[in-house]
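Visitor: The lines below spell out each chain.
2 protein chains.
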Amino acid sequence: MTGMAVQDALARLMKPRSVAVVGASADPSKLTGRPIAYLQRHGFDGAIWPVNPRAAEIGGLRCYPRIADLPGAPDAAIVLLGAGQAVGAVAELSAIGTGAAIVLAGGFGEAGADGAARQQALREAAGRTRLLGPNTIGVVNLADGVVLSATGALELHELPVGGISLVSQSGGILGSVLSRAAARGVGFARLVATGNEADLDVADLLAHLASDPATRVIALYLEGLRRPEAFRDAARAAAAAGKPVVAFKIGRSEAGTRAAISHTGAMAGTDRIYDAFLRACGVIRAERFADLIDIPAALAAGRRARGRRVAVLTSTGGAGALLADAAGIAGLDLPPPDAATSARIAAPLGVAPEEMAGNPVDVTLAGVKPEVFQAAIAALLDSADHDALAVVVGSSALANPDLAADALAAAQRDAVKPLIAYVSPHAPQILAALNRRGVPAFDQPEACAAALSALAAAPAGAPPAARDPGTLPPGALQSGTLPSGTLPSGTLDEAESQALFARFGVPVVEGAAIRTPEEAEAAALRLAGPEGRVVLKVRDRRIAHKSDVGGVRLGVPAGAVAAEAGALLARVAAQAGFAPAGLLVQRMAPPGAELILGLRREGAFGTALLIGFGGVATEIFGDTALRMLPVGQAEVRELLAGLRGAPLLAGHRGAPPADMAALTDAILAFASMGEALGPRLVEAEINPLFAGPQGVAAADGLVVLAGDAAG
Amino acid sequence: MTGMAVQDALARLMKPRSVAVVGASADPSKLTGRPIAYLQRHGFDGAIWPVNPRAAEIGGLRCYPRIADLPGAPDAAIVLLGAGQAVGAVAELSAIGTGAAIVLAGGFGEAGADGAARQQALREAAGRTRLLGPNTIGVVNLADGVVLSATGALELHELPVGGISLVSQSGGILGSVLSRAAARGVGFARLVATGNEADLDVADLLAHLASDPATRVIALYLEGLRRPEAFRDAARAAAAAGKPVVAFKIGRSEAGTRAAISHTGAMAGTDRIYDAFLRACGVIRAERFADLIDIPAALAAGRRARGRRVAVLTSTGGAGALLADAAGIAGLDLPPPDAATSARIAAPLGVAPEEMAGNPVDVTLAGVKPEVFQAAIAALLDSADHDALAVVVGSSALANPDLAADALAAAQRDAVKPLIAYVSPHAPQILAALNRRGVPAFDQPEACAAALSALAAAPAGAPPAARDPGTLPPGALQSGTLPSGTLPSGTLDEAESQALFARFGVPVVEGAAIRTPEEAEAAALRLAGPEGRVVLKVRDRRIAHKSDVGGVRLGVPAGAVAAEAGALLARVAAQAGFAPAGLLVQRMAPPGAELILGLRREGAFGTALLIGFGGVATEIFGDTALRMLPVGQAEVRELLAGLRGAPLLAGHRGAPPADMAALTDAILAFASMGEALGPRLVEAEINPLFAGPQGVAAADGLVVLAGDAAG
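Protein sequences, first through last, are from chains A and B. Under my numbering, the residues of the first sequence are numbered 3 to 713, in order. Under my numbering, the residues of the second sequence are numbered 3 to 713, in order.
Copies of one chain are not kept apart here, so a pair can be met inside one copy or by any two copies together.
DMTMM-like cross-link-like pairs, simulated, lysine to aspartate or glutamate; straight-line CA separation at most 25 Å:
#1 K371 - E157
#2 K32 - D408
#3 K32 - D404
#4 K371 - D29
#5 K32 - E373
#6 K371 - D340
#7 K32 - E157
#8 K17 - E160
#9 K419 - D340
#10 K419 - D384
I should point out that these hints are in silico values taken from the structure, not numbers from a laboratory.
Using the sequences and the accompanying hints, generate a full structural model.
Guide: Below you can see the structure in the form of structure tokens.
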């Protein structure tokens, strides 16, 4: 599209000086009557231009019969017409120079082939005007009092303003999040539903919010990404601006993926790739739907934890234990307070410090003495042994809700560490009061645990744009330095694959590509000596699974290689139906743990790196980790340590430990191949890579390259 | 204790004709003023006898100065005094023949050594009177309007009556569950907090509720079980009465376990054992705290699903996709409706059946036409392709909450299948209205998924009391037939262990226990023939880890056994510092997948059976399953199929598949050993058990027996 600059249009859309409401009704109870009522109610101070040929005035405003009659080019327009009429209206809006148009109607891309054609017509009608939607619920900009929406969620609730902004690919979910958050006192700056994303998409909105001064935390409800690269750039901008991004994405199950695709025609992609991609973008992934409110609410308080050590303070033992258990399951640590902290808590209670030496710290004895509670909060916020504090609000607070809220809000004001509250009884008014006063408060123990985990995660730094060439292992080619013209295309044979690995600095088992049995024996004697043994493998691009055609022999004595090689070639020729191109003679692989490394191009998401252990570990237990390139040394180390099979590298059952530095270098070299080849690399696999005490070596591998055109 | 029969006392406690309120205050705003106010407010129609030397009348009732002055023996008493005075009061209550006394005060078993002594004094003071507590919040019997509690949760909410009863080991949690459930319209019959369980415990209450006509579903909040056998019996009684039991248990993390123990001194035990034990008791385990309300609420509607096929009906696409995704993650199936059902839904909408052929079924087009929605609900409840229906209530319902509730409640009345609702916007009034009208309604997609999973679980049948002897594999001894006097005690050596396995019908690798190298060679020639090979193992009760002292040799040629055996004995003697008792000569093990079987006595929980695959599968990946004995054939098959390593038995990578019937029989035979030996068996392990195409054989094993006294 050749529309106006996206960010300029978004600026006009989010804070317009003038808004055209096309198809406005004078009846505010109708859906088409809502937007003007909402604009007025939420204090929009710009010009509102209703367009309706059958009304002279709406809500005290002059109504224009046609778009062409408007007194100027509106910054934003909200189109309330049905799908059929909307296309014409958008063309007219474009003709007068409208900045951006919101089309609420469904019946476009989500509605079969006819709808897709109508959506294409809508795009064309928009011309230089940018489009939000169609099939959207619009924009709710609470920070500036600009509501361009017809969602019923705006009907019923007080809407607190806060530092969280939401972009949702579903309008219904936007309404759900807004109403739920409002009920618990969690405030939003802006909420935008992108609907069918015929033009403006979640990546555009993310980029807008990254530089939006009213937005401190960004929440995303995703069904699928249409432009992963643009999304990644926008996520980088958000990270650079110090704004955490939290995403809830459906499509984690087959049923959900189908539903997401049919809902707004979102782009498919396996959830595992999305997971790796969002991680690479520095996005925190929300697991439960409620987390999409809870985690941003915790982050919006502005304090991050330096570690995972949490203190739980309670005046009701049962709920304290429940919260501690949920935190423990989430991998948080609950160390006891040190002696000085225990003493400080115990003193006003008149009990021995030992009675306050546990975690949860249980001050049930305090009854409803607020000064004791406050002193305990202060002591635990000062404790050097804890990175965050979670306080249980029990049923004693019901009788005097302000007491708990006052104590927590006062403590929160001066706190450096995160302080959150778990409200044990049903007490929505206490929950909302705490959230409104800046104390993130939750009514589920699992929500507290998720929030504390997010607070303890490393603050979003800018994810690496590309790997620092200085971190490449010796021998690896640098990104962009590849003479791609010299690469073959299609499926490489074993020897070619090994040669390519070696070219990027991956250590490979020494071998020789030969054609005849006689050459094989000569090579074997050279590689292993007359007393040694070698591995024989058939070498032919047409044969991907060598073992299946009897094309592999291990431990062949060097002196018997000619005979074995001849038998192998005959066997493969009989099985495959053609004479293979030749053989690969390899040294026997060194002892060590067996790993699998894989690279796979995942379209616009980039190239994924897979690491796992060989044999049953990967085949049966699926113990693999997936990351998007680029990866750095620290990430590779962390990734290896995170595999369940990690003990296999540390010297399992008396085996010597593997050379971890060599293994990390080999993985980085393999990854550098993926970076350098970019879209030329369809897939590559090393299976197995032996990792032993004396280093590592790729023993077998496969590479599939795309033709030059893809480069 | 020699108190009165527990169930008689509980019947008096739960529905008393007279209640003494000891330490009652005339000020209803005080904690000690609440119980009489609550009794009166909730319509208790028996006699209330306040006891307070400083008041003549409380709440219009005559107040008695001392317990001895009461006009009779109360069925129940609630003691509102502090820990010190409570002991004396309970003694006086016992003296006049009180049925059961509730002691609210803390400061007993949960409060160190002094508290434990005071708790013991309290028990002794109670005599024939049964005790609830101390450190409890009491009894809330909504079905009969008998409230013997001081919980603040009773202060603030309307409390709907329903078919769920709760037993909680934490009083605070009881208040939390009660207030949360009430706010969402979920009704309870009875709620009891057992506190420190000095006398009456969760097992007693579970047994009471199993035969309570007002209770249809039982919810449990557990910190630990003091009497697992009694709990199991009570759970069986509930299952026999057709009442599902749902338990949320903390102690799933180390921090939570510590907190639970310090809270009420609950019995420790690993969560894995609890998990196996609760499963063996037929108890549904709730994963999230909210599930403890949500799953019982779904079950209380009285309909169970015959399978896991769920239809989702929505009028808001985004929330439908969200719900479908959560259901898919929980392992539910979402098949599309058949052509007839699609046509039935499409007809009133005037669209092609193909547009209603997905799942979720999205009737957004219907707008707010209730008749279309109702027709779709009816069609999906009739669909042969679905076992349950989940309906999304969107924001359009906010404008007219009754509409959705009416349609769903009407459909629910006639439904055979479960029907549940997911309420997408914040709409507590709709949620509560639906629940009150018998339609289980939830505000989290994950809650819907958990509820649907529970509805699809096999209805609780009575768990097996003991295995049917007819199902024992041939050769296995039957439970109770063991001549235990003939058993050794302590750690058995390899040969003794193998002999014991064989005695119970577990196939073992054939072998011979001998003493000298010469005997070994003779045995080897007999077992394997002159050309065969054997395994040599040291045999001595003092040597648990044979490999560590060089005590195992595999593949020894029969003719070389004498020499190898001599060397082995010398090596072990040098390593161990004593001459070993002898050798075990075994045939070479047959080829097959390697499994590990274990039995372990877990105190009063019974004996646990562990099954896993050998090597890295168990050591690294922890791919093991744990069940409490007894287990049946179907359970063993299901358990094997549920292991991630199951493909290893089906013929992984070209290996022939294992003889599953022989494997199942061997596991049942091993389990029968655990059943027959009962507490005599401390632990037993077979590692490895080879499972191949020609059958199975235990190749190595260990048994530890307790002395006769434990039998």
